Each structure stands twice: as C-alpha cells, then as structure tokens.
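Student: These protein sequence lines are chains A and B, in that order.
If you count the first sequence from 1, position 161 lands on 161 in my numbering, and the numbers rise without skipping.
Going from the second sequence to my numbering is simple: count from 1 and add 1000.
Rather than coming from a laboratory, the hints here were simulated on the basis of the structure.
There could be a bad hint or two in this list.
Derived BS3-like pairs (lysine-lysine); straight-line CA-CA distance at most 25 Å [said to hold, decoys possible]: (1) B:1210 with A:146; (2) B:1146 with B:1163; (3) B:1035 with B:1055; (4) B:1146 with A:163; (5) B:1217 with A:146; (6) B:1190 with B:1146.
Being a predicted model, the structure only gives us computed values, none of them experimental.
Protein chains: 2
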Amino acid sequence: MEMTIKDPLGTAVVVLSGGQDSTTCLFWAIKKYKKVIGISFDYGQKHIKEIECAKNICLENNIEHHIIELPILNTLTENSLTRIDIDVDSEKPKEGLPNSFVDGRNMLFLNVAAIFAKQKGAHTIITGVSQTDFSGYPDCRYEFIKSMEVSLTLAMDYPFSIKTPLMWLDKSQVWNLADELGVLDVIREKTITCYNGIKGEGCGKCPACKLRNEGYKKFLQEYKK
Amino acid sequence: MEMTIKDPLGTAVVVLSGGQDSTTCLFWAIKKYKKVIGISFDYGQKHIKEIECAKNICLENNIEHHIIELPILNTLTENSLTRIDIDVDSEKPKEGLPNSFVDGRNMLFLNVAAIFAKQKGAHTIITGVSQTDFSGYPDCRYEFIKSMEVSLTLAMDYPFSIKTPLMWLDKSQVWNLADELGVLDVIREKTITCYNGIKGEGCGKCPACKLRNEGYKKFLQEYKK
C-alpha cells in the first residue's frame, strides 16, 4: 500500500470552531496550502454561534466548509459546555479541570477529521491547539498530537500529518500571527472564543475571555508600542 | 496526575457487535474481570439484528449493556454496510478492500469506547480484532492497537489497556476458545456474523459467513476428531 504524501502542500482540512485560535489557523493554512477545507463540529455546545462564525468566515473567503454533527459527545459526558442547566465556572478551579471539560473531545475531533480528510484526498489536518494554553486538556499537548499522527496513519494505512501552528505560542503571539497574516480585525470582530457565546470581546468573565483579552492587551504592549 | 491502574482486573468494557468474535471476547472477559460492561454501536449498519443479539446475550448473562448511536460513520462514508442500495460483495475483491469497508471505523469505536470507559472508571477495553482475520482493515492490526493505547492514554491522561484476545487466532481457534469457555452453543446459535444479517450459519455466501463456516469445519476436524 502506498504510504507517501505526493503533494504535502495540496489539500489541508482545518478543524474550525469559529474561535480566535482555529480561525487564525484557517488564514495560516490559506497562505500555505493549495486548497483548504474547513470542518466544524456541532456537538450540542451552548455556544453554537461559534459555528455560525466559522460558516460566515468560510463563505466570505470562498472556503469549502462542512458542519459535522457529533451528538455522541453530548451523549457520553455531562458537563457545562453541552448542558444548559450548569453554569460555566467563572474561575478556573484550583484543582482539576474546568467544568467545561469534555474528556477526549479533541481526539475525537481529530479522528473524525482524519476520516473526512481521507475521503477528500487530504493528508494534512490543522488544529489550533496550544501547549501554552494547555488549561488541563491533555489532548492539546504536543506528545498527544505526535502519537495521534502515528495512530491515524496506522489506522487507515494512509499518511496523516497534524499541523499545530499555535502549539508553542501564547495568546499575545497568536494575536501577532493574525496581525502578520493581515487578519487582525477579522479575528477581533468575527470570531467567538467566549464560553457564553458572546462575539468579539465576549462576556469578559469566563476563562476563555480572560485569556483572549489579556493576550490582546499583551500583544498591544509588546508588538504595537 | 495519577497514571497507574489500581485494579487491572477491575472493570472491562467490551466492544460488542453481537458477532462470533466480540461475543467470544465477552465470555473471555466474564471469566477474567470483576465487572464487564458491553457497548454496541448503532451506526446505521444493515445488520442491525447484530445489536439485538448483543443485547439479548448481555441480558441473559446479567451484563450491563449500552447501545451508543454513532450516525457519524454513515454521514462520512458511502459503502455497502450502511447503504441499502449497494450489494455486499459476495467475493472479496482481488485488489483493494471489500466494499463493506468503513475507513477508520474500528479506531472510532475504540475512541468512543475509551471515553465511555473513563466515565465508568474502567481502564480496560476489549475488542475482538484479529491480525489473522485481517481482511485489509488496517485498524485491526497489532501495531495500530499498540499505538492507539498510547494515544488514548495521552489524550485523557488516564491509562488505557486494549486487550485483543483473538489477535493471533484463526477462526478455528476462535471456535476452540468458545468451546474452552463452555459457550460453543451460545456462539453458534445466538450470534450473527453474516453481512446480510442472518443468524447462526448465516447466508453462507458473504465473506464473513465463509470465514465463520470454514473455521467451524476446521475446528471440528482439528479439535473434535
């Protein structure tokens, strides 16, 4: 069976939530690959508006976009991201994981993205995970991503490469990357990161908002003074 | 974070299709683990009767059983197992994979089974894959299973062990294992392996039936003469 990537910069599939990180990755991919396809997962998350953001950004940039329903995550786990009767922690708990955690969520996304990518003849999957922004999600770490590349490649006898352009960047550096890609305003205005589903600057209170807004402040201080 | 399995023979989750192989694994697990939980995936397969078999076998043996809906496989791939307008190949094609192939199906099952297992406090996942009965499914191979154990463990910071009691057995040896476990008649009468959904001896024509029936003949010749 053939195990080479004929065209490493051919088609890339971007796992696109509609938030700052994955949208920055989308624009990074557009600069680098011949064809880019965005996929978003609808797993019954509260901030479903994120997917609308993803869809609109792809439409405006003439990027093929697919929304894949994945209710399995809601079936398997009980947590604040998918159940409307639980409040999202406003502070990250001192011990353990924030209650927005869905165990193995990112792995499942990558698994489905890979099945989809093979259907499309793509070898590259791009995800906006970051070791810096680890927050306790083990399936966002470098060592997991490297292991997952091997598992996916063996599972389908088809070479997969998982690109993580943000792996070692902090949030201010992610803002700077957007600036370098010429899409700072697009990211600022058209993406949602907020766990409570509020666009742009967000609720300002959830962990995701704090990280995003503090990162932006640091970006202005360090790169724009 | 703790990364040890306190009770390796505590709870095991068996991926249970209701066919010969996975049902034999179920009985193997019952002998070995304190608690066994069966999970079956409903992904819109034609032979949905398999799941009924799985359910009944668990009921009769007082085993906790869960049916998990996974329509994503039907969404992502077009093939003869899930679409009623395509006939299953009666002969295995000389080149390539049989048209019942769903790329990455087994990997996705293991991924979801692991998320489920962690919810249940189980570290062990049991699957009836076999390298001998490879049939071109790369995610049934030993090297994939070993890699997947690592990926799952890293993904959830939680040690997973994937047990594959049938990995190096041919079909006659699987029949012999059932015999040794004292469940030969249960497996013969109450499981479905047939791609066309016919219980027991099946249609006799699809690749799964041929493998099962030839294996049984060989078992009788080699172990029962």
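Student: Confirm or reject each hint.
Tutor: Verification of the hints:
Using a Cα cut-off of 25 Å, the hinted pair residue 1210 (chain B) and residue 146 (chain A) is violated, with the two alpha carbons roughly 40 Å apart. Restraint check: the Cα-Cα separation between residue 1146 (chain B) and residue 1163 (chain B) comes to about 10 Å, which is no more than 25 Å; the hinted pair holds. Taking the CA atoms of residue 1035 (chain B) and residue 1055 (chain B), the gap is about 17 Å. The hint holds against a cut of 25 Å. Of the pairs offered as hints, the one joining residue 1146 (chain B) and residue 163 (chain A) holds, with about 23 Å between alpha carbons and a cut-off of 25 Å not exceeded.
Taking the CA atoms of residue 1217 (chain B) and residue 146 (chain A), the gap is about 45 Å. The hint is violated against a cut of 25 Å. For the hint pairing residue 1190 (chain B) with residue 1146 (chain B), the CA-to-CA distance comes to about 31 Å; that exceeds 25 Å, so the pair is violated.
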